[in-house]
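Colleague: So you can see what is in the structure, the chains are spelled out below.
There are 4 protein chains.
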Amino acid sequence: MIVTTNASLLAEHFADTRNQTEKICAPLRTEDYVAQPIVDVSPPKWHLAHTTWFFEEFILHKYMKGYKPFHPEYAFLFNSYYISMGERWQRPMRGNLTRPGVEEIYQFRKYVDEHMMEFLENGCSKEVEGLLLIGINHEQQHQELLMTDIKYILGSYPLFPAYDDSIRIPKADDPGELRFDISDEGVYPIGFEGEGFCYDNELAAHQVFLHKFGLANRLITKGEYLDFMRDGGYSQHHLWLSDAWDWINENEVTFPLYWHNIDGAWHEYTLAGLKPVDENAPMTHVSLYEADAYAHWAGLRLPTEFEWETSCRKLHKSATNQDNFVDRGILHPYQTSQLHDMLGNTWEWTNSAYLPYPRYKKAPGAIGEYNGKFMMNQMVLRGGSCATPQNHIRISYRNFFHPYLRWQFTGIRLAKDIE
Amino acid sequence: MIVTTNASLLAEHFADTRNQTEKICAPLRTEDYVAQPIVDVSPPKWHLAHTTWFFEEFILHKYMKGYKPFHPEYAFLFNSYYISMGERWQRPMRGNLTRPGVEEIYQFRKYVDEHMMEFLENGCSKEVEGLLLIGINHEQQHQELLMTDIKYILGSYPLFPAYDDSIRIPKADDPGELRFDISDEGVYPIGFEGEGFCYDNELAAHQVFLHKFGLANRLITKGEYLDFMRDGGYSQHHLWLSDAWDWINENEVTFPLYWHNIDGAWHEYTLAGLKPVDENAPMTHVSLYEADAYAHWAGLRLPTEFEWETSCRKLHKSATNQDNFVDRGILHPYQTSQLHDMLGNTWEWTNSAYLPYPRYKKAPGAIGEYNGKFMMNQMVLRGGSCATPQNHIRISYRNFFHPYLRWQFTGIRLAKDIE
Amino acid sequence: MIVTTNASLLAEHFADTRNQTEKICAPLRTEDYVAQPIVDVSPPKWHLAHTTWFFEEFILHKYMKGYKPFHPEYAFLFNSYYISMGERWQRPMRGNLTRPGVEEIYQFRKYVDEHMMEFLENGCSKEVEGLLLIGINHEQQHQELLMTDIKYILGSYPLFPAYDDSIRIPKADDPGELRFDISDEGVYPIGFEGEGFCYDNELAAHQVFLHKFGLANRLITKGEYLDFMRDGGYSQHHLWLSDAWDWINENEVTFPLYWHNIDGAWHEYTLAGLKPVDENAPMTHVSLYEADAYAHWAGLRLPTEFEWETSCRKLHKSATNQDNFVDRGILHPYQTSQLHDMLGNTWEWTNSAYLPYPRYKKAPGAIGEYNGKFMMNQMVLRGGSCATPQNHIRISYRNFFHPYLRWQFTGIRLAKDIE
Amino acid sequence: MIVTTNASLLAEHFADTRNQTEKICAPLRTEDYVAQPIVDVSPPKWHLAHTTWFFEEFILHKYMKGYKPFHPEYAFLFNSYYISMGERWQRPMRGNLTRPGVEEIYQFRKYVDEHMMEFLENGCSKEVEGLLLIGINHEQQHQELLMTDIKYILGSYPLFPAYDDSIRIPKADDPGELRFDISDEGVYPIGFEGEGFCYDNELAAHQVFLHKFGLANRLITKGEYLDFMRDGGYSQHHLWLSDAWDWINENEVTFPLYWHNIDGAWHEYTLAGLKPVDENAPMTHVSLYEADAYAHWAGLRLPTEFEWETSCRKLHKSATNQDNFVDRGILHPYQTSQLHDMLGNTWEWTNSAYLPYPRYKKAPGAIGEYNGKFMMNQMVLRGGSCATPQNHIRISYRNFFHPYLRWQFTGIRLAKDIE
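Residue numbers (numbering that gives the first Met the number 0), protein chains in the order written: chain A, 0 to 418; chain B, 0 to 418; chain C, 0 to 418; chain D, 0 to 418.
Check each hint, because a few of them may be wrong.
List of simulated lysine to any residue pairs, SDA-like, C-alpha gap at most 25 Å [said to hold, decoys possible]:
#1 D:360 / A:299
#2 A:274 / B:98
#3 B:274 / A:100
#4 B:361 / C:245
#5 D:211 / A:184
#6 B:274 / A:71
#7 D:211 / A:71
#8 C:415 / B:109
#9 A:361 / D:213
#10 A:361 / D:246
#11 B:361 / C:403
#12 B:109 / A:109
#13 D:361 / A:234
#14 C:360 / B:416
#15 A:360 / D:28
#16 B:360 / C:160
#17 D:211 / A:241
#18 C:360 / B:241
#19 A:109 / B:160
#20 D:360 / A:250
#21 D:274 / C:70
#22 A:360 / D:245
#23 C:361 / B:98
#24 D:61 / A:416
#25 D:415 / A:274
#26 A:22 / B:98
#27 C:211 / B:356
#28 D:361 / A:416
#29 A:360 / D:298
#30 C:22 / D:245
#31 D:109 / C:160
#32 C:313 / B:116
#33 D:360 / A:223
#34 D:415 / A:195
#35 B:415 / C:359
Pulled from the structure, derived: some chain D residues nowhere near chain C, Cβ distances all over 10 Å [claimed, not checked]:
#36 15
#37 26
#38 36
#39 85
#40 109
Everything labelled a hint here was simulated from the structure, so no lab data went into it.
Bear in mind the structure is a predicted one, so any value in this text is a computation, not a measurement.
In this text, a Cβ means the ideal position worked out from N, Cα and C, and glycines have one as well.
Produce the entire structure from the sequences given, and follow the hints as far as they go.
Modeller: Following this line, the structure appears as structure tokens:
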């Protein structure tokens, strides 16, 4: 973890992040904060409290003299998976807690924020800076989960209310034919280098050998995915991985998440409500299983995370020139017109398993539970989505989910071997 | 179903019942209306809407000219199990619905109440009277479920908040030794007779032959149940039914619901918060499995529902002289001093399966789904609890639950054979 | 338990019973002894060993001086559910045991039989006589389970081999219209009285009051059941109990067990192989759920076990004049022409829950686990089937199974109220 | 797939392979052929029939004129997972089939073998040669599964019979300290090259970049694993991957498969019966989860499959000089004295997910289901075990299993980064 900022900048960064989280929740009604419709989705009030607990537990509790926890039971209720930090409320039961209520949780946030600001006034050690940066990044990750969890909570309701009436979803332009950006075989650098924050899973920076390959210039569109569906894609077993075929059959999956066929026309639930499917817009909310079957059907394949990163490094000097959608009030992937869209449109499934890089080092203690212990049975996604905070849109960033999950804004970019 | 009231009295009865339901919810916070911690418990806002749907669907929709449903999707969302009334939202997913919110549901109630009052102004047919009476009784049943579901929702929270700070739970007196009221062998009447409302499952009134038996003069106390626990009751397999022993082991049950051992002293969650166990008060929140194991341990047995009803008929001329606890602001079973307490203290498990009486007739159509289809795999409870509305405390009343359930106010009264 | 026989007769009875069990297994091939296709079905070699263990454990081990168990592990492997007798091999894993092999198990039987005959040579106490009688009856119960388990094991194989080529299944005559035998209201005797063996669940003999009712003069035929099926019986929810409807839907039940529709014609697997359905023969292999739905469809109901016993007492002086099918080499219910068929054709579902009779007394110790602990969540069947040993065809006999089970030879006899 | 042999050699190879399979089953008793104690284990008779079906279905049925299948139902019963070949008997129900019996299955084998030999007499096309080679290799894979499934079937029986009394398990020598073979960073070749058979998953041969690393000169011993256990390895959460910790807790795993603590001394079930644990012998029957936790505890890590293959290429010129244990009658991993043991001792877990190599091409049609569709959620193992046929011990060979499985002969070789 490389840390180069200073305390007052960090305090500002902290305050901005905390504000942004609450801004995301502002359109919610009290009831929306409580539900946990599936185990993967957490109630918004849990996110609000858990991100706060992180600062209380890892910084205030340990480093601020005389700090008194806001409430003795909150550490138990709002720890997510840090076994080192003691017993915790089991994940599938997060939706059972009606108390503490939304109001107490906002009080908890206020209490911790005030103490944090006070604590940071006099500067802090490098060690605390590191933890603070992790805490901020952690909260930003939860901002994205908040958006996708809110989408799931509202999208489970038969009337499909808009999350916020001010959201606009522009119509996408015709993206044109699929073309491929070619990279020659060779040894390429992978992983985070330079200044600024990164997660431990982006390290160590290292080298990989890649054979010649091409990466698609854009994401697959909903129109293209519809062709796959019309061709019976969901019922042709030979297109699917064995586990994918079991998943399809056990869950009776025959179309993408949030899609609804109304009188013969496909619609999808968006954060702006139910809308007709825009065939030019990028496909999203697919599992890796669906992405892989689509690739198979198209006679192509998903890229590895190394191919993805290599192409992206070539095409984007940095991630900073990318306006991400959250900031522009567009909470839906929409345009698919250039490689440029590799950052901040949809998360892009790769066919790489989430495993440690060479010379990966897990941090000691509870913070070491952040990433390393999840390096099994998950697949890597790259690029960031329309719901990803700007700060998390990074060429070396490795997101990871189980291959059957699809409530994130996940999409499909294809690759091919070049002989 | 015997109906003898008239329209204006019924309208008043309707309005009182509707008010009472809202009064029960008054102490809740918005969040408390949403959760469904186990499948048997429904969110309070679901109860509020479902009981309202009943009047809309069975009366207004069918009998009031020009009636427009409040919302086209509510019939789908708030039907509980009336398959005849069309598709319905699946029970285990009731806690996923954050919308409609609490406010809309109160608007729904207001809308239906106003239309009902308008509709009833000009009187109604016997047929509608029958449906209205069922609707009122149905809502009263849900009033009790509301109380027990609220208890479960609040009691799952590690801090155990009081439902309402005004609740008082008086300390019970020493109930004295257990004595038995003896009934001689003979043919006895069973079931509802006379004027007023009853459910179809209380009919037909009929006769049974009983052998000589004795019924305990009072409920088993918490102190007596503690003796069973101290004697290793939960680990002596021979005391338990085979299915009960499986239930014990699969769920690792070693003490009653809502009990917590704090530094060696047993406490229980009550609607007034966490309290030390009162050893003189009646045992409650036990499954039939626990009640039966206790009886076995005591060398006695549970009564049949026919023995229970026969003793009760003898000892209570009617149910009307019984102040029930809801009306007195006591929401916990407490006194165990006389046979008198057969009505309105705890539901009393009987060892009778819930099966139809001779010449039982299921009502035609959807209303016929009210009781008959549940007559399998459930056991009968008698007497009413501290949370039962006065109107549901009736000597012939048959409540029924699966033998492993214990979130209702359920208790133990013993019986014995007299040779 | 009433015991009136003497030791030498009992020894002969013992030897006959043991022989009969092995005769049932004679047509099997070694492989057939091993499988456990569903948890309710036990491998034949398990039955052979378990019935033997019963005599070793309850008699030889306890009463024969110097007796050495055949093998120290067999008590662990072949105990079924007697928790008092120590740890046991879990039921769902019975099919995993390939050792001890069939040969060792027959050696085990021989060893125990020889010791039993030696032990009985000098007579025995009343106490041992009682245990011996239970052991013999226990083995006879397992003879019936052996037949039905063998049927399930062979009937799961896509080629449907005959159990024994010598089995003949005569074609049934037209049974004529359904008529009803009427009993007037009154107090009737129930339960076992007189000399000979009975189970504790048939006691105490007692009285019940019955209202006027009629019991069908014969079982429902397959032709009649087909009418129900053709009328959409399996898809009309209002015909089914709530738990039954769940069972139908979860298991996708749309026709009876062992039925196969081959090119539009219904066939059924019998112990003589796959045969066209004989529409005049009694319906069998239905769950109580199906029997109850059929009754509902027919506008009638199932009898209670008390109505059944009362009619049967009137119509059969005793059970002894009934040739049962096992002895006649017919292993399929076939004729349905007279009330006479109440004994030994199919087990007849009643709508009575399996609960203790008044003044029921559980035997002390492990033998007390025989019946009493199963008195919950099961329904009573009466009459005996074509696979029931003669000795178990008794007017007061109470068989019991969960309402969803149908691998026994279970059938439907209807009843009705007479006003 | 590269094919260089000719028809008469292949016919001989075919016959040898078929004989070897039956030799493996020779010590079994009829009952042992039937059971399926867990879903991953198949009954031996299923293996015998399934491998035969492969030749019938893919070669005789398609290429031999006038060939009549041995039995019309066998294709349905003995297809494993080739969805393209039509409906199939579901895997978890393989243990339910008692028919066809062992004898018919040996007749099936004989029938197919005779037809195959007749068919091969006149030579065959390259296409058939390719299928034949796959069929032979497929059967050899099942030979190993047969050994491990037989071990599981016999090892589930409380008496732990020896599979074959002639098996000898020599005592291992002290393996000496763990040392590391160092490879420098660089680009290395991976995958199958040259003549002879390989699976499609070993292709395309390609290059990888490796950073400097060391690979242990030997497997971890049972003594070393016991140190981990004595240090509380199974209860220290921070040593385990998140999914591993869940697996540990759900399955209450506290020691390796087949281990039994008898009066304080660890024993393990081997194919020669129950034996005291030999602390010098290589650890085996561990899941990847256990292997990874051990590595973590030791401050090291598992190798990637690329590191493993690179070291192995350096240290073994070829695999052919390795006597594998099956041929020497030793069915247990024993010696751990040199890098030499990388081939044919235990399968060695790598920390590489089972994913396609660059330019991997799935074969068209049903044969394409052989490998490709399993490339998800599984981990790669390398090297072959004591139960692996000689022909499957190949430096480029990729075996794969789910990370929680441990009924194969799986062991632990460690690696480390060299800075």
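Colleague: The structure should be examined with respect to each hint, and the outcome stated for every one.
Modeller: Against the structure, the hints:
no.	hint	verdict
1	D:360 / A:299	11 Å, holds
2	A:274 / B:98	19 Å, holds
3	B:274 / A:100	23 Å, holds
4	B:361 / C:245	20 Å, holds
5	D:211 / A:184	21 Å, holds
6	B:274 / A:71	20 Å, holds
7	D:211 / A:71	49 Å, violated
8	C:415 / B:109	46 Å, violated
9	A:361 / D:213	19 Å, holds
10	A:361 / D:246	22 Å, holds
11	B:361 / C:403	23 Å, holds
12	B:109 / A:109	38 Å, violated
13	D:361 / A:234	20 Å, holds
14	C:360 / B:416	11 Å, holds
15	A:360 / D:28	52 Å, violated
16	B:360 / C:160	46 Å, violated
17	D:211 / A:241	36 Å, violated
18	C:360 / B:241	17 Å, holds
19	A:109 / B:160	23 Å, holds
20	D:360 / A:250	29 Å, violated
21	D:274 / C:70	21 Å, holds
22	A:360 / D:245	23 Å, holds
23	C:361 / B:98	54 Å, violated
24	D:61 / A:416	33 Å, violated
25	D:415 / A:274	53 Å, violated
26	A:22 / B:98	21 Å, holds
27	C:211 / B:356	13 Å, holds
28	D:361 / A:416	14 Å, holds
29	A:360 / D:298	11 Å, holds
30	C:22 / D:245	50 Å, violated
31	D:109 / C:160	23 Å, holds
32	C:313 / B:116	59 Å, violated
33	D:360 / A:223	24 Å, holds
34	D:415 / A:195	28 Å, violated
35	B:415 / C:359	11 Å, holds
36	15	28 Å, holds
37	26	13 Å, holds
38	36	4 Å, violated
39	85	14 Å, holds
40	109	18 Å, holds
Consistency with the previously given hints fails for numbers 7, 8, 12, 15, 16, 17, 20, 23, 24, 25, 30, 32, 34, 38, ordered from lowest to highest.
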